[in-house]
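Number of protein chains: 4
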Amino acid sequence: MKKISIVGASGYTGKELIKILLNHHLVSISHITSESNSGSKLEDVHPEFRNMTNLVFEKYNLEKIVKDSDIVFLALPHGKSIDIAGQLLKHKKMVIDLSADFRIKDSVMYEKWYKVKHTQKNILEKAVYGLPELYRDKIKKAELIANPGCYATSIILALYPLIKENLININSIVVDSKSGVSGAGKKLDSMYLYNSANENFLPYSVGSHRHTPEIEQILTQESKNNVSITFVPHLTPMYRGIVSDIYADLKDKKMDTEKIYKIYQKYYIKEKFVRLLPIGTYPAVKNVCCTNFCDIGLSVMKNTNKVVVISSIDNLVKGASGQAVQNMNIMCNFDEKMGLL
Amino acid sequence: MKKISIVGASGYTGKELIKILLNHHLVSISHITSESNSGSKLEDVHPEFRNMTNLVFEKYNLEKIVKDSDIVFLALPHGKSIDIAGQLLKHKKMVIDLSADFRIKDSVMYEKWYKVKHTQKNILEKAVYGLPELYRDKIKKAELIANPGCYATSIILALYPLIKENLININSIVVDSKSGVSGAGKKLDSMYLYNSANENFLPYSVGSHRHTPEIEQILTQESKNNVSITFVPHLTPMYRGIVSDIYADLKDKKMDTEKIYKIYQKYYIKEKFVRLLPIGTYPAVKNVCCTNFCDIGLSVMKNTNKVVVISSIDNLVKGASGQAVQNMNIMCNFDEKMGLL
Amino acid sequence: MKKISIVGASGYTGKELIKILLNHHLVSISHITSESNSGSKLEDVHPEFRNMTNLVFEKYNLEKIVKDSDIVFLALPHGKSIDIAGQLLKHKKMVIDLSADFRIKDSVMYEKWYKVKHTQKNILEKAVYGLPELYRDKIKKAELIANPGCYATSIILALYPLIKENLININSIVVDSKSGVSGAGKKLDSMYLYNSANENFLPYSVGSHRHTPEIEQILTQESKNNVSITFVPHLTPMYRGIVSDIYADLKDKKMDTEKIYKIYQKYYIKEKFVRLLPIGTYPAVKNVCCTNFCDIGLSVMKNTNKVVVISSIDNLVKGASGQAVQNMNIMCNFDEKMGLL
Amino acid sequence: MKKISIVGASGYTGKELIKILLNHHLVSISHITSESNSGSKLEDVHPEFRNMTNLVFEKYNLEKIVKDSDIVFLALPHGKSIDIAGQLLKHKKMVIDLSADFRIKDSVMYEKWYKVKHTQKNILEKAVYGLPELYRDKIKKAELIANPGCYATSIILALYPLIKENLININSIVVDSKSGVSGAGKKLDSMYLYNSANENFLPYSVGSHRHTPEIEQILTQESKNNVSITFVPHLTPMYRGIVSDIYADLKDKKMDTEKIYKIYQKYYIKEKFVRLLPIGTYPAVKNVCCTNFCDIGLSVMKNTNKVVVISSIDNLVKGASGQAVQNMNIMCNFDEKMGLL
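Residue numbers (my numbering), protein chains in the order written: chain X, -17 to 323; chain V, -17 to 323; chain W, -17 to 323; chain D, -17 to 323.
Treat the hints loosely; a few may be bogus.
[Unchecked claim] Cross-link-like lysine-lysine pairs, in silico, DSSO-like; alpha carbons within 27 Å at most: (1) V:Lys248 <-> W:Lys206; (2) V:Lys169 <-> D:Lys168; (3) W:Lys103 <-> V:Lys23; (4) D:Lys235 <-> X:Lys319; (5) W:Lys252 <-> V:Lys23; (6) V:Lys233 <-> X:Lys233; (7) V:Lys236 <-> X:Lys94; (8) V:Lys235 <-> X:Lys235; (9) D:Lys235 <-> W:Lys206; (10) X:Lys94 <-> V:Lys284; (11) X:Lys23 <-> D:Lys235.
[As the list claims (entries may be wrong)] Estimated spans, in silico, between C-beta atoms of each pair: (12) X:Thr263 <-> V:Thr263: 35 to 43 Å; (13) V:Leu170 <-> D:Lys233: 48 to 56 Å; (14) D:Lys(-15) <-> X:Asp26: 53 to 61 Å; (15) V:Asp238 <-> W:Lys72: 41 to 49 Å; (16) X:Asp26 <-> W:Asn207: 25 to 33 Å; (17) W:Asn285 <-> V:Met(-17): 49 to 57 Å; (18) X:Ser187 <-> W:Asn208: 36 to 44 Å; (19) D:Leu4 <-> V:Gly21: 45 to 53 Å; (20) W:Gly262 <-> V:Thr263: 23 to 31 Å.
[Claimed, not checked] Some chain X residues judged to face chain V by a derived CB distance under 7 Å, without partners named: (21) Ser281; (22) Lys288; (23) Ile292.
The set of hints was computed from the structure by calculation and includes no laboratory data. Here a beta-carbon is modelled for each residue, glycine too, at the ideal position from N, C-alpha and C.
Next up, chain X with everything else stripped away, as it sits in the complex (with noise of 0.2 Å):
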């Protein structure tokens, strides 16, 4: 039984957490904090933890955490979860870092896309990005978890094959993101209140947004070339969900779709959480809704040479907390669907 602490768990991602742990029968909750909701019952926070727990949010206390936890999930905002997983890594603690603070190898970049100072550079170097499908051997030594962002995770599982067998040209890469609003978290934006979002839908971050230097990183690593996208990502009037379409310029145009899924399939055949969908058929939120599912379905336009891929996810689960959940299953040898099915 590994015991487990959640930092800054008042959030959707930690709430989310929350749910999927108190499921899985080889972990146990030790602490949940909360800055905001300290000394609360979880319960009175969120009432739909009534008779399934006690939980109480604490202030965040380093020494607590560090005697009652083998693994630390790290839900706070970008910027805060730096210093802390550096107390938590002296301490032996492994550490599964669901911001954005240790996605970014370069931390000229980081500070440039988040306005934070990096001040733990060494760290960064161990992190390992907590992609299962692309990285799952280094995630079982990992110490340091960096969870992936919800769209890099919908768009590198949908893109990695074609960027991996080099099957289309590196800058031709279109990616039309649509979230649901719970993407952006619990934020007190007008651009969030229902009266905004509800029976609207608009694109935002157009060619700007945080997750970009992140997918580009790993593109570029996976490729060996320097890739560039454009990424327009999209808010739409439903709660969790996302869908990529991904768009690029086949380079060879004698590609078909029938030749595209067999090397999709090769790649994801064993995967549990990718689900490639029979060729003429396409994801839906609906399916993955709820589950630590990417579905993928794809097709080649025969009169453009572009091949169209699109992949679908639940924003909260696979690209958050149930992937973070799936990374606590592999560094802990536990069988990776554990509480995720």
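The hints should help you fit chains V, W and D onto chain X, whose structure is shown.
For chains V, W and D alone, kept in the frame of chain X given last:
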């Protein structure tokens, strides 16, 4: 005072048309027809019209309609307008057809995409594609208007200046469109049940949507090149509205957002219903909902030399009934905005 | 042509008011004020107004408003209208106040429910409760209108004939109301975030909603009895609309649906904006959405001798800005429906 | 390990049942039947099940089901369970019927409300109404469970202590219920199209909903008085969830919220799935969504001497499939919470 009839008035576009025309000061509605609802009062089928009008659905009767109408709107399913338009034109009525039956000049192409025999090829030639921002002069003199499809409207208006000025590689065009559920009309299909569409988002007709030939026909005609597009439409959990994101490779690497913006201004500054948004701002469905506006925002991605143009319309207004009334206003020499603003 | 100003125009009711008044042929808007948005163009705050008007938000300036206005609408938060109304009345302006500040005749009651000191008790007396179906004659001669609350409008119109004709036990009234989220205005409260309100439904202010004293005051006045109601409002996952279900014990066991229906007909047959639905049919929010109508359906339950009356309005139109314009039309001797149908 | 079959598994309750049972450690699913989908893999009909199970829909085959099942769930339309339940009971199978076919003891009443002839009156007598909080002891020994209706569950649990303790006037009960659209099942009816149900809210079956006799039967039985209720259900724009507001006249004017609360505590303190909320707080659909909980909040209105009890459940879980599994757990002597928490 012009007399109007609407043939096939019980669907969504018919209902929207009635609403707009009841507020139009220079027309009156003589007849509304519906085979399934004939004999019923409009207010009994759509209780929202109670206290607003005493219209009653009738069966289609050529003689009556000819007698009492100057202009006839056809809001029938695809395939059903062909012969009726033929009859009405013989009686010198102005006809505005909201179906696809007269949009595609190549009848073989029409028959391939719509699986219907085209029996009025002679009048197909006369039909004017009713997109006022491109074809206002022809519309003025038209007898028969082929009112554009909703996706087609949002896409052609967004691409027109790029195409006309020869700024992009013609086969690099990617169109990622999102539509509210009303785009599907009143079809009793399980895909359109609340329980299917709500909290869901999904692509459909990937690379095979019926508006494709209509869009490619106009773009080909205006660019004087054979245009093929990569087009993926999506179903969005909202009632009304379309957002189309268009991506294309710029021919000239020195193009930037400001230059493209100026070109768009040249095209649209005088257009009442196309609103070019300030640089750095983008359309949102909420801003065009229930209006005849088409909002457009654009940006050049310097890293990939792609231009992104994003447009938004209300599919039931500028994408159907509002545009039909705009066409009527032009044909009748009314103020083009009458009843629409 | 009457000149209009709107004080506090950046909220939902202000926006709705501008929309209605831009389509009203006998008025023009001189000033719109907003402390937080002063200096901004309306179209920059609400891009939906682009190409429709050049209005700019200004700070409130009594002199300017007095100079350029015949009628002034106050769409301010509760408590903020009191002194401004006083100033404007001194300058002989007609004032229509959309807040609660002049609805409750008993200033002690007002202060208890709204936690605001009432400093204009003398003009409180003059204020006319702006429910045209009950008080049209008084409205004609009014200087100051207290525009009713949204719930109050839906409840009083539904109960009025029962109360006036003394048909029910006065303390048996149960009101179960449901409102869309726009009822809360633009408040940045986590309860109104998309992620809280979507796919949720909940009661709030159980037995303690601020519209209670206003409703009880009118019912008491019209019944000549001291009326207390049991009132539970609910938040519904939609933008606009209210449905109020009202249950009461009939005094006479021989009453039936037909008899009650005839009484309601007597009261409402001539009313343009109250639509009594055919027996066996009931209101739905979709049918009144974006209109100034109040739909009413009713039934007598023979098994329990209770009458059920169900009403529906659009909270932003008949529940706020539409009713304010209806009041203006009456005060100005315009056609009561002008701009509203 | 108990073997399970589900007859009529392609509807919403069938799908929900499969989901719950796949996560239940002490059962395995042998057969799922569907006349319309027989021969199809579950994952092809509901792609969300891909990678989770290899179940295939079969035609109903008594012999096979008898051979491979200990317990059979019937998730058929009303009227279709009667004979199948009869066959299965003859073969000594435990049967849990999710339809209304065995809920109403008076077969004449059943036939009147459901327009179906009841051909198994002898087993109707044996059927136990599967509301564990009231009838746990009978359920333990039952062969045939009539699983309660969704509205009935939310209403009976909310009223039970009041009725049992004889606290209210028996014919003063008003029930105003609100349900998400999934309550209607997969019916292809225009009322349940996204375009009809979205941004709409409406009453239906006013005073005539089919759950009425089932509710009145249980209340009558428990109160030993002839109970008639005033019941108005409503359709709410959300997928899942019911809120029932119940109003009744208290017999004793000295009753207050605290006293009633203590009585409810006595009834429900030991119940795992009924959560009595702290005084001053009320249920919200979000808190019970996808769970087997029934949340209850209550208040006494001193001004009118009425008690208001508000309950909320997920209609597909505690209102259908979750409660069915709770019943199975009791019948099989499993932990009552197994698979449900």
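Hints, one by one, checked against the model:
| no. | hint | in the structure |
| --- | --- | --- |
| 1 | V:Lys248 <-> W:Lys206 | violated (68 Å) |
| 2 | V:Lys169 <-> D:Lys168 | holds (15 Å) |
| 3 | W:Lys103 <-> V:Lys23 | violated (51 Å) |
| 4 | D:Lys235 <-> X:Lys319 | violated (58 Å) |
| 5 | W:Lys252 <-> V:Lys23 | holds (20 Å) |
| 6 | V:Lys233 <-> X:Lys233 | holds (19 Å) |
| 7 | V:Lys236 <-> X:Lys94 | holds (26 Å) |
| 8 | V:Lys235 <-> X:Lys235 | holds (25 Å) |
| 9 | D:Lys235 <-> W:Lys206 | holds (25 Å) |
| 10 | X:Lys94 <-> V:Lys284 | holds (18 Å) |
| 11 | X:Lys23 <-> D:Lys235 | violated (36 Å) |
| 12 | X:Thr263 <-> V:Thr263: 35 to 43 Å | holds (37 Å) |
| 13 | V:Leu170 <-> D:Lys233: 48 to 56 Å | holds (50 Å) |
| 14 | D:Lys(-15) <-> X:Asp26: 53 to 61 Å | violated (42 Å) |
| 15 | V:Asp238 <-> W:Lys72: 41 to 49 Å | violated (57 Å) |
| 16 | X:Asp26 <-> W:Asn207: 25 to 33 Å | violated (42 Å) |
| 17 | W:Asn285 <-> V:Met(-17): 49 to 57 Å | holds (54 Å) |
| 18 | X:Ser187 <-> W:Asn208: 36 to 44 Å | violated (58 Å) |
| 19 | D:Leu4 <-> V:Gly21: 45 to 53 Å | holds (52 Å) |
| 20 | W:Gly262 <-> V:Thr263: 23 to 31 Å | violated (50 Å) |
| 21 | Ser281 | holds (6 Å) |
| 22 | Lys288 | holds (5 Å) |
| 23 | Ile292 | holds (6 Å) |
When held up to the earlier numbered hints, the structure conflicts with 1, 3, 4, 11, 14, 15, 16, 18 and 20 and fits the remainder.
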